[in-house]
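Participant: Turn these sequences into a full structure, and let the hints steer you where they fit.
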Amino acid sequence: MTLVDERPAVSVPPAAARRPRRSYAVFPVHLAMLAWAVVTALPLLWAVVSSFKTDTEILNEPWSLPASPQPGNWVRAWTEANIGRYFLNSLIVVGGALLLTMLLGSLVAYALARYEFRGNRFIYYTFVAAMFFPVFLALVPLFFVVQRLGLLGTYPGLILVYAAYAVPFTVFFLHSFFRTLPGEVAEAAFIDGCSHGAVFFRVMLPMARPGLVAVGIFNFLGLWNQYLLPLVLNPDPDRYVLAQGLAALSVSQGYRSDWSGLFAGLTIAMLPVLIAYVAFQRHIRAGMTAGAVK
Amino acid sequence: MRHGRWRFLAGALVPALVLHVVFVLSPYAQAFYLSLTDWTGVAGEAHFVGARNYARLGGDSLFLDAVRNNAVMLVVVPLVTIGIGLFLASMMHLGGRGGRRGIAGSGAYQIVYFFPQLLSLVVIAVLWGFVYNPNTGLLNGGLRAIGLGGLAQSWLASPALALIAVMAVLVWSSVGFYVVLFSAAIDGIPRELFEAALLDGAGGWATFRKVTLPLVRETVQVAFVYLGIAALDAFAVVQVMTVGPGGPDGATEVIGLSLYRNAFTYGKFGYASAMGVALFFATLTLAVLALRAGRKERLELA
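For the protein sequence lines, the chains are A and B, in the order given.
The first sequence begins at 61 in the working numbering and counts up by one.
The second sequence begins at 711 in the working numbering and counts up by one.
Simulated from the structure, these hints should not be mistaken for lab results.
Idealized CB from N, CA, C, for every residue including glycine.
Check before you lean on any hint, since a few could be wrong.
[What the hints assert, rightly or not] Heads up, incomplete: computed chain A residues facing chain B, CB under 8 Å, no partners named:
id: 1; residue: L104
id: 2; residue: I118
id: 3; residue: V221
id: 4; residue: A224
id: 5; residue: A303
[What the hints assert, rightly or not] Not the full set, but computed from the structure, chain A residues with beta-carbon under 10 Å of chain B:
id: 6; residue: P88
id: 7; residue: W106
id: 8; residue: L158
id: 9; residue: L160
id: 10; residue: L167
id: 11; residue: Y170
id: 12; residue: V259
id: 13; residue: T349
Facilitator: Set out below in structure tokens:
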């Protein structure tokens, strides 16, 4: 063991060694941890509080609480500033893309992981390699591909492109997952006369559920927060997704100086994700970090 | 059992492959070709110009600003983020008993730290635009409230501070993720090692340097790659938050923003593609260097 300082060994009675002892001052540690928690949470709380203030309060007293809460800000943001529509657009696009990604990604990962055939490795690497290219490189040609297909600024266009860019990681993640699943159950199902498709959908897919949940959460957040692709491929303001709408709003509302409405819009964009996180935080953290740990 | 095997394989692979080829592989391939043309978006009007676009990059002062800013971010953002992340993660563990069990409340801390990771970079950029606002912002308001009004700045309008302000946002938004990641890595270190260090009389710093750090090295390297790639991007935060965007006077310009502007504002698609290729090689170099460094020294646990 050369990792630790080699000092004359002090013989410690085993009992003393096992007794829990606090060898480091805990107070400064808590102070440091608390400090970062404040740095993280304060801007978020501030935005939520500001979304209930009047414009005058926002302009004059950034640190004050609202004298009387203004729920009207939220209504204005949802209806007049179109946050409601952007929210719905995001739901449609991300929902469609997520379903498509999970279906295609799990099919490809399963086929590549459990079937031997010529070109298997080649197909696998074309998917994996795509993860290492910056999306910026594809941006210009992608715009024209989507335009030529007549899909610019349409839901199907965004859904197909979102899915195309989310499938590679899904394949990469689920490939190793399907490899580790035991083969006996599938073989038994084949003997019972199940078709290949039935084995996949009825036997293997349910067994892969933990992996599907992890990568599903990862994909949902990635797609929900997507900005670059819709910015380029979705020029129609009626079809703006939430991130796009909020960015556009922060420019236009700034001119109209409807600060309270913009804070409300920001909070509406923020809260659903944070609430979902608090409810499912263990799953979500596992899903988000799973990709990096691989 | 072999019945329908090929039909299933075709059904499973072909739709995804079509999508992959049409929307991912072909655009990537086309980008390399477009970067050698003077294409401005008119069908059939692309002329081959060789390496001229690349030569022009060298004389484009805004693009050079972008390269410089991305390079600064590439160094600063990973270092600071990983520094804070490792500090907090090891504090959580070292502060506890036996050198490993987390301190009281570390679960709650992790929940809070992770919040920004869930938010879209646009949400984060809009939020921090407010925070930095010179008159109504949280930051200057706070400084004035504690009597340090003299330190109040127009953070995003000052050429000296704007890039720092952008980097602070990037660090703020990613620290939590790496605390969780490093924390999981530290959890994976066998408990006996910490106990041995403790018995040998190692203090907190010695334990961190001699036990924790060598054993989470690989995770730290992964973090460098991820953060480096994020620092080479930084598009959303800059485009939404900074003045111009990319200003003042190129102080926060990034390669992605130059590319976006040249392509979709000026219609210089060939030139923009050359920037994309440059960015690709920067990313590739980063990944290769990091992988190499990873292979050199790998500590095996006996």
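Participant: Could you check the structure against the hints above and give me the numbers of any it violates, in ascending order?
Facilitator: Going through the list in order, the structure violates hint 8 alone and respects the others.
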